[in-house]
Every structure is written in structure tokens, then in C-alpha cells.
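**Student:** So you can see what is in the structure, the chains are spelled out below.
2 protein chains.
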Amino acid sequence: MVMKTLAALGERGLLSIIFKRFSRQRAKGLVLGPGDDAAVLRLTPGRVLVATQDDLAEGTHFETGWADFRRLGHKLFRVNLSDLAAMGDVEPLAVIVSAGFPSSAPRSWAVDFLDGLCDDAKAFRTPVAGGNLSRSSKVFFSMTALGAALPGRVLKRSTARAGDLIAGVGPLGAAAEGLKALKAGRRTGPAIRAFYEPAPQFKAASVLARKGLATSLIDNSDGLARSVSLLAESSGLGAEVDLSRAPVRGDPHAGEDFGLVFTVPPSKWRAVKAALPGAYPVGRMTARKTSLPRGGFDHFHAS
Amino acid sequence: MVMKTLAALGERGLLSIIFKRFSRQRAKGLVLGPGDDAAVLRLTPGRVLVATQDDLAEGTHFETGWADFRRLGHKLFRVNLSDLAAMGDVEPLAVIVSAGFPSSAPRSWAVDFLDGLCDDAKAFRTPVAGGNLSRSSKVFFSMTALGAALPGRVLKRSTARAGDLIAGVGPLGAAAEGLKALKAGRRTGPAIRAFYEPAPQFKAASVLARKGLATSLIDNSDGLARSVSLLAESSGLGAEVDLSRAPVRGDPHAGEDFGLVFTVPPSKWRAVKAALPGAYPVGRMTARKTSLPRGGFDHFHAS
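Protein chains in written order, with our numbering: chain U, 1 to 303; chain X, 1001 to 1303.
These are computed hints drawn from the structure, not numbers from a lab.
Treat the hints with care, as some may be off.
The following residues of chain U were derived to be distant from chain X, with all beta-carbon distances above 12 Å [as the list claims (entries may be wrong)]: (1) Pro45; (2) Ala149; (3) Lys156; (4) Ala199; (5) Val207; (6) Glu240; (7) Pro277; (8) Arg284.
Calculated pairs, DSS-like style, for lysine-lysine (alpha carbon to alpha carbon, straight line, at most 25 Å) [as the list claims (entries may be wrong)]: (9) X:Lys1122 - X:Lys1020; (10) U:Lys289 - X:Lys1289; (11) X:Lys1028 - X:Lys1268; (12) X:Lys1289 - U:Lys20; (13) X:Lys1203 - X:Lys1183; (14) U:Lys273 - U:Lys211.
Note that the Cβ used here is the ideal one computed from N, Cα and C, for glycine as well.
Turn these sequences into a full structure, and let the hints steer you where they fit.
**Tutor:** In C-alpha cells, the structure reads:
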């Protein structure tokens, strides 16, 4: 059997597959989708635009030897939506996607990746509004997610207060276990699902923002230590971490879990638990800038 | 002299350089810039959002052996702004930028690239609202440009009419000459400037949209034959091309020129020339779907 490559399909062939898949999306706010120089979107009056970008690069986030490209489509979608959720009560509007493949890549890499995007465009009712294709000797994917929010329902990193509890929702360490399993040759199981299909925490974030429960919010993308450090540093505070009551599985500081980490005044903890039974405490914000453990993922260090 | 690498600087070191550069940008519409999970932007009421993404990949768009990373920052900015301009009377709002570098990359690649982004953020009054950093064995850059437009002043590709003249503004073939010169070891000159610093045609696009002169519009990114084909195909038409009155220099179909190609009813050609003295004719839209030359850049073909 001869493997069909992207060189044989050509950029135009791939574009025509893309336009077929994404030309009939109907979504509130989508005025003009793929096929022009840019997408055109309409925001509900009174909303602000929330915009973020995140990438997956061969050799760093995945290896072509074991990657399932359809599930990489899911992962790219979800890590971006997770960043929208990390801004509070945000409604996703659309995504824009760039992909770089070598000419020698099997056609299936691209088509599977598109299938993954289609799956999640439906699952999250978030259209693929546009994108870009490039030739690249290593595979890379870049996505921009666009969302809308009422200005008063945006939760930043920099607004935590001393004495606030630090809490989390979502897995701690599961994605790293999944990556380990993939490298060891396994292809299924809940850890692998945690690696490929993290769940954007829109509902939890929306509750925290709408009910005025959280004082600050971040998504847990580079490990818990790093997320807590970022909240503390952004807010000009220190933090104490205690994971004895957190559902840790594997290394909670290894990154890619994509839950939420947030701060909440102690008086509101009961209300948080009532609204989000899965929330767990991970520490406390302090006025004194403590030296936090330097854990967490750093792209350029071989940590 | 020891070359400083990104591994020595670390992701956090580079992020702190980035935040220093981009934390004090003041721009209409920018509510929250770099340093959180996502950027927050405000659109003027009544405007629609125009959003596009374009990339530069090592080995395809540049080689690290000859690339000037500051000028790659300019190029990335401009190829994205060119896509906004190609939608009509669009005002740029902000850009979001992703970069992937190997850990062994000289620190100067990243810092020079940031300098280039700073230059153009100022030149085009368009803030860098956020982004992402990844480790990647090959360098890649991805940018999303966001703009705002009145809905009635958006010009699409699909609205050309049979009998319309096809016209262009901007260079034809200069960027390809520049690439040739760079590969031959030259580092300065107008062709190299055309390669690195294409001029987004905001003013021309705005005139065409505001005065109701053009019926369709595209940016000339993959060569003239390809741009004309795309206008014709999107509009369900054919096209005849005649470059005898166009300012061709080098190969007009090689791509990366980033001028505009647009269609205009013959009765409005005089008004176009009065408003845009640099505009030149390149052909005519026909009702019959002619088979156009299959020229132009295709990422996955070794054309």
C-alpha cells in the first residue's frame, strides 16, 4: 500500500478538504468563516473580546511516533478553551488554527487533525473561523481562541488578596501520567484521556465569576507550583501550599492538567464547596513574599 | 565569547523580558494585555471583529543561517496586517504572537524578534496583546491579528462580477527577488526590504471600501496568478490576465509580495486611478470559467 502524502495531495487539495468541513458551520456571531483573508465575527453589544493563543510542537508536546493526530486536534482545542475559561464567565466565540506539516507527512496526519477539530467544534459549539497552512520540517499547531464576556465577569491573575484560600478544580498529575503511558507504548486509559482531552472548566469558572466567589483565577497548565507562583507574583503576594487535601495523582507540578486554580476569601469557602463539590484546597495567600518552590514546567530548561 | 542561549535564560527569564516590553502599551481598546491567561479587548460599538492568523516557519519562510530575526518580527507583523487590510476598511486592534525556539537558540534570536515586534507595534499603533512561548526543534512564529470594521465596509473575495476589471496595488515580484538576494548572501537593498518589510495596504483598502470602488479584494500573498484564481473561483467566475501594463519586477507569481488585488467595474476605473495613482490593471473577470495558469506558491508541492 502506498501511503498518501501531503505532497501528493497539495496545499490546494488540503484546503478544499478544509473548506468542505468548515464552510457550513452555523454559529451565533460568525459572520464570515474560512475561505477569505480573515474571519469576521460579531460580538454581543456590551461584551468584551477575550483572546488567547496556545501551541503544540512536535518534540515538545508530542512525538509523531506515538501521536494520535485526531486527539491532538482535541488537545489543541481544549488547551485554548481552558485559557478562555481561566478568564471567568467567558463564552467561546470561535477558534482560528494554524498548522505546519512537512511535505512528506502522511495525508492522514492532516485529515485526522481536522477530524479532531471538527469533533470539538461541535462538542463546544465553537466554530473554526479560519486559519493558515504552512510547510514545516517539524509539525506544529497554533490556535487562537476568541471569546466574549461581560466586563464585570472577567477574573484576572493579579487580584488575589492576602489571607485568601487557594483552591483548585480538575485533575492534578493525571496528564503527566498519561504522557508517561504514551511513551511506554500504551494507547488507551483514563490517564491518556487526561493527556489528550483535558476538560475546559467553563462551568466552574462561570460559577466563580457570576457568584463573585473568586478573587483571582488561572488555568493550571504548567503545574500547580507554577500556577500558584503566578497568582502570587501577579498579585504581589506570597503563598503557602498544602496538598494534603488535594486529589493528587502522579506529579501535580508536571503540568498540562488544565484545571483551574483560584483564590477565595475564607468566608466564601462554604459557598464554593456548595457550588463546586469537586473543589479542593491547595494553600493560602500570604502578605509576605515567600520563596515558593521553583517547580513546574519551563520550556527552555531541561528540568 | 560565550553565546547566551535560551536554555541559560529560561522561559521565565524570557517572559520577564517580554512583560517589560509589552506591559506599558496604551492603546484604544486594549483592556488587558500580556501576563494573564488571555487578553481582553473592547470593540467600538457597531463594529465587527476581523481576525486572521499567519505563520513563518524555519526552512520554508526563512533559514536561521541568513535570517535577521528583528526583520522577521516586522515580516510576521506585516503579513498579518496585510490580511486585515485585505478585508477592506479595517482598523487594526491588536496582535497575539506565538514563538517556538530550540533551547540551544541564541538568546539574541528571541530578543531581536521581540525588538521587531516592538518596532511595528509602534509603527502601526497596534499593541501586542498576548502570546505563547514553546520549545521547538525548529523555529516557528504564528501571529493572530485582530481588527475592527463597520460591517458595510468589509470587502470579500467572493463578490467579483463578470466584466469587472482586475487591478492591483503594491509590488509584483520584488519579494522573490529579495529572497534570491538573501540566499546569495546579500543583506541590504530594496528587494530585501520588500521581502522583510512588505507594506500593509491599509490606506488603499480603506479608499476602495469607503468609496465603494471595489467589488472584491484579496491580498497578493501567494503570487498574482494564485490571487486572481482565488478571486475568480470564490466568485464563480473566470479571469483573463494581461500584465503588459503592470509594474512587474522578477516573477510576479512567486508570492510574498503582499500588495492588494481587487476587482472594479470599468465605469469606476477613473475614480480608482484618481484615488490610487499607483493602481495598475492586471486583467478582467469573465463569466466563462477559464482554466487559469496553475502558478503561484503551493506549500506542499515542490513547485
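**Student:** Looking at the structure, which of the earlier hints fail to hold?
**Tutor:** 1, 2, 3, 10, 11 and 13
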